[in-house]
Amino acid sequence: MPKVKIDGFEVEVPEGTTILNAARQIGGDIVPPAMCYYSTLKGSGGKCRTCLVKVTKGSEKDPRPMPKLVASCQTQIMDGMEVANITSDEVQNARKGVVEFLLLNHPLDCPICDQAGECHLQDLSFEHGMANTRYEFERRTFEKIDIGAYIKLHMTRCILCYRCVYTAQQLTPERVHGVVGRGDHAEISTFIEKAIDNEFSGNVIDVCPVGALTDRTFRFKSRVWFLNPMDAHRDCPTCSGKAVVWMYGHEIFRVTARKDQFGEVKDFICNTCRFETKKTSDWTVEGPRAIDRQSVIAQNHYTADVSTVR
Amino acid sequence: MGRKLLLENAHIEGIHTYEVYRKHGGYRSVEKALKTMSPDAIVEEVKKSGLRGRGGAGFPTGMKWSFLAKPEGVPRYLLCNADESEPGTFKDRFLMEKIPHLLIEGMIVSSFALGANTSYIYIRGEYSWVVFILEKAIAEAYAKGWLGKNILGTGYDLDLYVNPGAGAYICGEETALIESLEGKRGNPRVKPPFPAVKGLWQAPTVVNNVETIAAVVPIINEGGEEYAKIGIGRSTGTKLISAGGNINKPGVYEIDLGLPMEEFLYSDEWCGGIKNGKRLKACVPGGSSVPILPHFLVCKTATGEDRLMSYESLSDGGFATGSMLGSGGFIVYDEDQCIVRNTWNFTRFYHHESCGQCSPCREGTGWMEKVLWRLENGQGKLSDIDLLVDVAKKIEGNTICPLGDAAAWPVAAAIRHFREEFEWHVNEPKACMERNYGLVKEPVAVV
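Residue numbers (my numbering), protein chains in the order written: chain C, 1 to 310; chain S, 1001 to 1447.
The set of hints was computed from the structure by calculation and includes no laboratory data.
You may find that some hints are simply not true.
Output of the computed footprint for chain C on chain S, the stretches with three or more beta carbons under 8 Å from beta carbons of chain C [unchecked claim]: (1) 1147 to 1154; (2) 1366 to 1374; (3) 1396 to 1402.
Here the structure is a predicted model, which is why all the values come from computation and not from measurement.
Ideal Cβ placement from N, Cα and C applies to all residues, glycine included.
The shape of chain C in the complex, shown without the other chains:
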């Protein structure tokens, strides 16, 4: 199997693995952040550019470095490849730039956003962003849209990662695309509003890295860090029934799918489980769920040294 060295750590991975997935096998802080790549969604990735890395050695056969930074979620490894992520200033600078671009039109309304506390963009800007903005113009805004009875689309917060588009597309085969407009005036729009009519449509909320798609049955009910995530399951005729219930005392406030350490859902759950089954008696609670990702809800994250925070 080809060997690849990422920031000095060597790992052996099967042919055709991407740099990002190889880095994920090593783990730790050398894993590039990914805002648009989602391993279970076909065609996702390559868009947000937060996972840019520098290939300092192309391969054993052709040791030339790659001329530009490459998207690690799309670039396949070669035998003997050497990649620099956190050890390259160029990569760190580019990533800082990308975070700045992502936040450019983002409303930064975290205090009233339901995603706050489990938001990938929040984590990303905490780690790579600047304390202030250099953007001095009016930000792009959109009207909020209801996608059916359960989902609210707030385009203003969207970073156009296309994950929900791929989810909706891969759940409902007839649908083709859900982005209208071009450039920074592009929006996830009416096509989705009309076309998302599927028992699994609620999963677009889970794949959204920001608070653009939120659960209407949970909106403004509670901050996520006040809730206790519990692994739970139920006998569901439609889906696997494996979920996480977010409890306050004995009350279930919301239900989500189980996310792994990279914030990705492996078992999608159905709308009945997610939106309509909120009685404690419906679920068999297995025990507390460990949230691995760095964020407000990850335990002890902020007990680390904060003196470096500027």
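Following the hints, put chain S in place on chain C, whose structure we already have.
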């Protein structure tokens, strides 16, 4: 005057019709190629000619053709990129309007060389009338047996279609063009895989510019070696230049590559000098996305050599003191033109045309446009200039397709060469407003 290979017969009355075109030696190359040459021999001939892509990047066409994957049982496609939307470039339109049969002839020969049985001309939506010209010409070619089944009795079949786009600049990027042709949203694909392996409908595909395909006709007629004699160094053959801006004779010119820039710009044979007897201020030699050249670098390179109209000479000195031949959109600015305003206008275009996939290009182009608008209207700050440089640097190279680079280069180059003018806009807003707009006495509010 140099030899004309493409536009030789362009002035002849009725050359757009089949009869006149055929009478002036049209479709000779198809007869020669299909009857006497093998596909590999044609590719070899194009390689020998040294022909380089005329759409902007200048990649050797013969090499591109030889990269085409040829798996068994999978169709191959040739796409003609007629989505010419670069500000300042209008050469393909002229070619297709005047001599549509030349493009069709080139398409037949090229498709035969690549083994494609279905080929498409993807044309820009705004060229709506050209679609009719091309379709009429294609119908004539079908009627005369140059297209369709069993061409010239050689057993080679080719169907040629014209497909108008919906008017997006981004669809001129080859993978976005393929997506658009497949009926999807024109978003560039992540490469690799390259179109030569997985292109249109996941089949091997070659995408070439109109002028590149048209240039195949003289190469086959006269031989690759003969074609390679024209030009200089690795820039062989002739190139169509769409000259515009403040010159006496704007228009489409066919030049031998290697023509001195000074001759092209000032000789009466070509552009005829700067209009109204004014002085040259700057020149964009290859369409809006290439770096701008200040007057002292237009006719001479930084090392003092004569600047020639060739791929190498124009990029001499890198981006610090050079530019690119690009697609040949030659824009000339006289002393009265405002570089800040021009840069803002270019950036406005890229902001409008960014597809919105990659965050740096989607957000960065809009940001640059707003900052430039502010500078142009006397509301800018000196720090804005460095901000623009920084934003341009963060976009460049960090996107899927070259549109991000194309948006960043003109801004970076304008500031590199004309920083004083940007600073003047900040320090003397009234004076610059008076120069640019005449009547406006007070700086207008930022919209």
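Test coverage of the stretch 1147 to 1154 of chain S by chain C using CB-CB distances below 8 Å; three residues minimum. violated (count 0)
Coverage criterion applied to the stretch 1396 to 1402 of chain S (partner chain C; beta-carbon cut 8 Å; 3 residues): Held - the stretch 1396 to 1402 of chain S has 4 residues with a Cβ nearer than 8 Å to chain C, which meets the minimum of three.
For the stretch 1366 to 1374 of chain S, does the count of residues with a C-beta closer than 8 Å to a C-beta of chain C reach 3? It holds, with 3 qualifying residues against the three required.
Against the hints set out earlier in the document, a violation occurs for number 1 only.
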